[in-house]
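Its first residue numbered 482, the sequence shown is counted upward by one per residue in my numbering.
The hints are simulated quantities; they were obtained by calculation from the structure and are not laboratory data. Here a beta-carbon is modelled for each residue, glycine too, at the ideal position from N, C-alpha and C. The hints are all genuine.
Result set (SDA-like, lysine to any residue): computed pairs, CA atoms no more than 20 Å apart in a straight line: (1) 508 x 560; (2) 508 x 496; (3) 508 x 495; (4) 508 x 518; (5) 508 x 519; (6) 508 x 494; (7) 508 x 561; (8) 508 x 558; (9) 508 x 546; (10) 508 x 556.
Label-pair distances were calculated between CB atoms; the ranges are: (11) 482 x 525: 20 to 26 Å; (12) 503 x 528: 29 to 35 Å; (13) 534 x 510: 35 to 41 Å; (14) 533 x 486: 17 to 23 Å; (15) 560 x 497: 18 to 24 Å; (16) 542 x 503: 20 to 26 Å; (17) 510 x 482: 35 to 41 Å; (18) 557 x 490: 18 to 24 Å; (19) 538 x 508: 26 to 32 Å; (20) 561 x 509: 15 to 21 Å; (21) 507 x 532: 31 to 37 Å; (22) 534 x 497: 19 to 25 Å; (23) 492 x 528: 21 to 27 Å; (24) 508 x 487: 26 to 32 Å.
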Amino acid sequence: MSPIIVASCYGSAAVLSLFLLWQFGVKRWYWHALSIAAAFGIGLTPLSEPWNRPDMTLVIGWFFVALLVWGLAAPIFLVLQGPFHFHFKHH
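All chains should be modelled from the sequences, with the hints used to inform the complete structure.
Structure, rendered in structure tokens:
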């Protein structure tokens with residue numbers, strides 16, 4: 482599989498996770514902890530023989546990266562947000 486496809490797939494997972502954090506903000510801490518636990522659960526589970534193909538590995542890796550980045554980047558967003566809390570009213 483081309484390295485460009487792999488990098489763009491995993492990069493899209495990271496960018497989407499960071500965009501969702503930026504757009505919707507940080508949720509309760511246990512959702513981010515559960516996301517990290519789910520990422521490790523997905524990543525450490527061995528694939529069965531019919532699923533052990535490059536395309537399925539890429540899909541499972543996308544979910545792993547998306548959940549892991551979403552869970553690990555939440556404390557960074559909290560620190561960057563600092564004491565300023567902007568709440569916009571949507572009409």
